[in-house]
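Whole structure, please, built from the sequences with the hints as guidance.
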Amino acid sequence: MNNELTKLEFNAYQLIKKFASERNGFFELTQIENGYDLKNQCHHFKIIKKNQTWYLVVLDDEKEYFFDGTNENTPFRYQRTYIGDWDIHFKDILGK
Numbered sequence: 001m002n003n004e005l006t007k008l009e010f011n012a013y014q015l016i017k018k019f020a021s022e023r024n025g026f027f028e029l030t031q032i033e034n035g036y037d038l039k040n041q042c043h044h045f046k047i048i049k050k051n052q053t054w055y056l057v058v059l060d061d062e063k064e065y066f067f068d069g070t071n072e073n074t075p076f077r078y079q080r081t082y083i084g085d086w087d088i089h090f091k092d093i094l095g096k
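For the sequence shown, the UniProt record's numbering gives the first residue as 1, with consecutive numbering after it.
Treat the hints with care, as some may be off.
As the list claims (entries may be wrong) - Below, simulated EDC-like cross-link-like pairs (lysine to aspartate or glutamate); rule was C-alpha separation at most 20 Å, straight line:
#1 Lys39 with Asp60
#2 Lys49 with Glu22
#3 Lys17 with Glu62
To be verified - Label pairs and their computed distance ranges (CB to CB):
#4 Thr74 with Thr30: 26 to 34 Å
#5 Asp92 with Asn2: 33 to 41 Å
#6 Leu94 with Glu4: 29 to 37 Å
#7 Lys91 with Glu4: 31 to 39 Å
#8 Asp92 with Glu62: 25 to 33 Å
#9 Lys63 with Gly95: 31 to 39 Å
#10 Asn2 with Asn24: 29 to 37 Å
#11 Lys50 with Glu72: 28 to 36 Å
#12 Lys49 with Lys17: 12 to 20 Å
#13 Asn2 with Leu94: 30 to 38 Å
#14 Asn2 with Gly95: 32 to 40 Å
Because the hints were derived from the structure by calculation, they are not lab data.
Fair warning: this is a prediction, and the values are worked out from it, not measured in the lab.
In this text, a Cβ means the ideal position worked out from N, Cα and C, and glycines have one as well.
This is how it looks when you write it as structure tokens:
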């Protein structure tokens, strides 16, 4: 995977991780048919389930970039499952 896509994925991952752990209202979170939609004025992401796999989708200038968590290039150190604990946090946020 090229460096630009790795940076795009890592930045999105960090922003969503921070949002989920702090529950800080940084994103507008909505539940969609196959996952979750997160957006604000600067960023738009989706966490979706497609064919039994969870994906992080980064929407940028009308393009969609799908990441399945298998990229282990720096700065990542391990594979990720994109719904993971986020689902628990997202449900808590939506329940408020």
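Evaluated hints:
For the given pair, lysine 39 sits about 11 Å from aspartate 60 by alpha-carbon distance, which is consistent with the 20 Å threshold. With a C-alpha separation of about 24 Å, the suggested pairing of lysine 49 with glutamate 22 is violated against the 20 Å cut-off. A hinted pair counts as satisfied when its Cα atoms are at most 20 Å apart, and lysine 17 with glutamate 62 does not qualify at roughly 23 Å. Separation of threonine 74 from threonine 30 is about 33 Å and conforms to the stated range, judged on CB atoms against 26 to 34 Å.
Our hint of 33 to 41 Å for aspartate 92 and asparagine 2 holds, since their Cβ atoms are close to 35 Å apart. At about 32 Å, the beta-carbon gap between leucine 94 and glutamate 4 stays in the expected band of 29 to 37 Å. A hinted range of 31 to 39 Å for the beta carbons of lysine 91 and glutamate 4 is consistent with their spacing of about 33 Å. A hinted range of 25 to 33 Å holds for the C-beta pair aspartate 92 and glutamate 62, which are about 32 Å apart.
Checked against the hint of 31 to 39 Å, the C-beta distance between lysine 63 and glycine 95 comes to roughly 32 Å, which is consistent with it. Distance hint check: the CB atoms of asparagine 2 and asparagine 24 are about 31 Å apart, consistent with the given range 29 to 37 Å. Range check, lysine 50 to glutamate 72: Cβ separation about 21 Å, and the 28 to 36 Å hint is violated. Judged by the Cβ atoms, the range 12 to 20 Å given for lysine 49 and lysine 17 holds: they are separated by roughly 19 Å.
One distance hint, 30 to 38 Å for the beta-carbon pair asparagine 2 and leucine 94, holds here, with the actual separation near 35 Å. Between asparagine 2 and glycine 95 the Cβ separation comes to about 39 Å, which falls inside the hinted range of 32 to 40 Å.
In this structure, the hints that do not hold are numbers 2, 3 and 11, in rising order.
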